[in-house]
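Student: Line by line, the protein sequences give chains H and G. The first sequence lines up with residues 1 to 108 when you count with our numbering. The second sequence lines up with residues 1001 to 1151 when you count with our numbering.
Read the hints as simulated data drawn from the structure, not as lab findings. Where is the CB? At the ideal position from N, CA and C, for every residue including glycine. Heads up, a few of these hints could be off.
[To be verified] One side only, chain H facing chain G, incomplete, derived with CB under 10 Å:
(1) Q8
(2) P10
(3) G32
(4) Q33
(5) C52
(6) D57
(7) R61
(8) Y63
(9) S65
(10) L74
(11) A75
(12) A80
(13) T81
(14) S83
[Claimed, not checked] Just a few of them, taken from the derived set where beta-carbon distance is under 8 Å, the chain G residues facing chain H:
(15) T1004
(16) Y1035
(17) P1092
(18) F1097
(19) S1103
(20) S1111
(21) T1112
(22) I1114
(23) V1144
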Amino acid sequence: MAMPSRLQVPARAKRGETIEIRIAIQHPMENGQRRDESGRTVPYNTLEEMFCRYAGDEVFRLYLSSGIAANPLLAFHLVATRSGEIELAWVDTVGQSGRASARITVDD
Amino acid sequence: MNRTARRRALAGLAALALAPGLARPARAMTDFSRYAWLEVTRGRPVWKGRVRLELPESVENGNSVPFRVSVEGPRTGPERVVKIHVISEINPYPLLFTWELRSAEVPAEFSTRIRLAGTQQLHAIAETARGELWIDSRMAEVAVPACFDAS
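Kindly produce the complete structure, drawing on both the sequences and the hints.
Tutor: Written out as structure tokens, the structure reads:
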């Protein structure tokens, strides 16, 4: 199963500016209690773990559950201190993984 | 011990005994939810304050509820926030998420959409670098619960 995603990062920022980052990932976040058309239980499978790197340094880690709505939409902030890659990577319960990245240029 | 020190010590004891700012697991919590609370708090006091949890007071659909959490305070030093946990009182998987902040470049503010299995109180607990716990709790009324049951 592919996991398409959309990452929104501003292309440029001033040094010290707080920027908003948003990511939308297509994932059903199955809670293990839903049944399919044939009446079989759809097994639990959600995004489990996600991390974010900024210019090569890990800046946060997120542990998720089925308490997050399907097709998760996450928004957080970063203080723009240096130019570099903003990378997000994640893995779900069955071991499928995905990643997204975007570059930000920080001006003085 | 001089008088001021004694008075301060007594005030401290009284504060602990009455503890108006102290949060405890709610009676409405399921056993799973209580377990999540105990896992997160590990016997430490949980103080009301610093955390701000925002979600609608009343929602039509529990499948996708706008949610935002933020914590006041410095981004460096022992008072900085290193973890934010969100606990539901009745969801089958009560620990909605744990966010571990690992850099001063990340302000303690996070938004997403959550599932709520019914009308309930939601708790956001922030943990500082020196291990203090701060909480905000909000009630959300849900007209149509998230489909955690067969549908």
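Student: Each hint should be assessed against the structure and marked as holding or not.
Tutor: Quick rundown of the hints versus the structure:
| no. | hint | result |
| --- | --- | --- |
| 1 | Q8 | violated (13 Å) |
| 2 | P10 | violated (15 Å) |
| 3 | G32 | holds (8 Å) |
| 4 | Q33 | holds (5 Å) |
| 5 | C52 | holds (8 Å) |
| 6 | D57 | holds (7 Å) |
| 7 | R61 | holds (4 Å) |
| 8 | Y63 | holds (4 Å) |
| 9 | S65 | holds (4 Å) |
| 10 | L74 | holds (5 Å) |
| 11 | A75 | holds (4 Å) |
| 12 | A80 | holds (8 Å) |
| 13 | T81 | holds (6 Å) |
| 14 | S83 | violated (13 Å) |
| 15 | T1004 | violated (42 Å) |
| 16 | Y1035 | violated (14 Å) |
| 17 | P1092 | holds (7 Å) |
| 18 | F1097 | holds (5 Å) |
| 19 | S1103 | holds (4 Å) |
| 20 | S1111 | holds (4 Å) |
| 21 | T1112 | holds (5 Å) |
| 22 | I1114 | holds (6 Å) |
| 23 | V1144 | violated (14 Å) |
The structure fails to meet hints 1, 2, 14, 15, 16 and 23 from the earlier list, while all remaining hints are met.
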